[in-house]
Amino acid sequence: MVSMIANCMHGESHKAWMRATDKICKGKYRSQHHRKGLYRLPQISRDSLPDVLCQYLQYALHFASIHSLDDVLKECFLDLGVFPRDRKICADAILDIWVYVRKLQRHDAITILSQLESRNLLNLTSNSRGSTTMPYGNTSELYFSHRDGMRNLAMYLGHHDNILHCKRLFIERKNFGSLEKWELLRDRASHTQILSILTGPMEVNDWYDMNFPETEALLLFFTSTEYFLPQFLKSMKKLKFLMICNCGTNKAIVKGLDVLSSLTQLKSVRLERLILPFVEKRGIEALQNIKKLSLSLCEGFGNISTFTKLQDFNLDHSNDLELPLGICNMPSTLSCSITNFHQLQNLPYDFGNMSNLRILRLSALPSLEQIPVSIGKLVKLEYLDISQCGGLKELPKEIGQLKKLRELDMRECSSLTTLPSTVCELSSLKLVTCDETIGKQWLQAKNISIPELRVEIVEACFSLDWLDD
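Take the sequence shown: its position 169, counted from the start at 1, is 708 in the working numbering, and no numbers get skipped.
Think of the hints as simulated: they come from the structure by calculation, not from any bench. Because the structure is a prediction, the values reported are computed rather than measured. Here a beta-carbon is modelled for each residue, glycine too, at the ideal position from N, C-alpha and C. Be a bit skeptical, because a hint or two may be false.
The calculated label-pair distances, taken between Cβ atoms and stated as ranges, are [as the list claims (entries may be wrong)]:
| hint | residue 1 | residue 2 | range |
| --- | --- | --- | --- |
| 1 | Leu703 | Ser801 | 29 to 37 angstroms |
| 2 | Glu719 | Ser953 | 54 to 62 angstroms |
| 3 | Glu656 | Trp721 | 31 to 39 angstroms |
| 4 | Glu656 | Lys936 | 39 to 47 angstroms |
| 5 | Ser988 | Asp609 | 45 to 53 angstroms |
Full structure from sequences and hints, please.
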């Protein structure tokens, strides 16, 4: 049916397609010939015909939109099919695949994400303030989800008749049913580049012996309170991106971490809803080359200073009282994001030791009482986010030493009513986002010594949308 509709509309403009969709949804038809031909289709009643046609025409529209993509955009769209349906996924997950597997520059990957949204091929939402803008390329609170039918379409277009040669492979195992794909992969080598697996609880012996020597991205989704990593990770010598996501409501204990010892090419690790003393386990030495570590709703970090080459560290939604040990001893870190850490009262005194930081997010830390004076040592810092830190009463005068700071987000800092005079020394500052009370003081600083400063006054817009999967 898609073919019939597409042939009928071949050569028409995008607006013509949209008008046809609207007409069919209202029970109208493009021509009597079209109508009679459609009535002859089997298993479709006259009463349901408009709804069915509307759905199929929308699919045809998406087909046309996808086939108009260039090769890079099309590959990126097909990658979306490896994520489970009916879930919001942090945009960082797909962006990391595009960066480390597709070898795109991050700013190009972000552009592609926006282009796919503009073509209605995915949904983008933000957990922070409802806006999908990305200051300084920050996507840690940006989420994507599949539009209706788009995941199936991505999987269909990326399908390969031989499962062993699929570039992208999604397999699931619920209640130990639907094992056909698992049987086909048993004791065989697969050429899959991106592998995604959805299961329930998995014991060490529940996994089949499979071989994935070409896999560069592995996504493990499960619902359980205990989970064993598959032994076939040892065969993934080319693995660059690893995501382990517990889709249940309670945090899960992950076991079998020794299989990580062979992953010497790994660049990015993303963990969600896990209890994991990650850096204290066997095999962690092999992960010293990772560039990005993202932890969301996790417990038990140990000493993360082991990751001496870490460039990007993200810690989101933690119930711990303190930050992971060694967080200040990561000299290569360029971006650090600590958000929704509701019980954190103090940052380490030597926080300023991360002297190469360009981006620092300390957002939604309502119990944070002060920022250490060592922040003045972050002389390369360009972007600082202290939004939703309601317990913060003052900024240290050392903030004036941040000569390269270009953007500052300090909205919803209700207890912060005065600025130190040293803010007038922030000569590179271009944008401050804040509430009305503190905004008046920034306007005074602008008039005194920061003429190019733009002060954006915003209203409070706190959201708990992240609780909704």
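For each hint, the structure was consulted:
1. Leu703 x Ser801: 29 to 37 angstroms: Since Leu703 and Ser801 have Cβ atoms about 22 angstroms apart, the given range 29 to 37 angstroms is violated.
2. Glu719 x Ser953: 54 to 62 angstroms: About 57 angstroms separates the Cβ atoms of Glu719 and Ser953, which means 54 to 62 angstroms holds.
3. Glu656 x Trp721: 31 to 39 angstroms: holds (34 angstroms)
4. Glu656 x Lys936: 39 to 47 angstroms: At roughly 42 angstroms between Cβ atoms, Lys936 and Glu656 fall inside 39 to 47 angstroms, so the hint holds.
5. Ser988 x Asp609: 45 to 53 angstroms: holds (47 angstroms)
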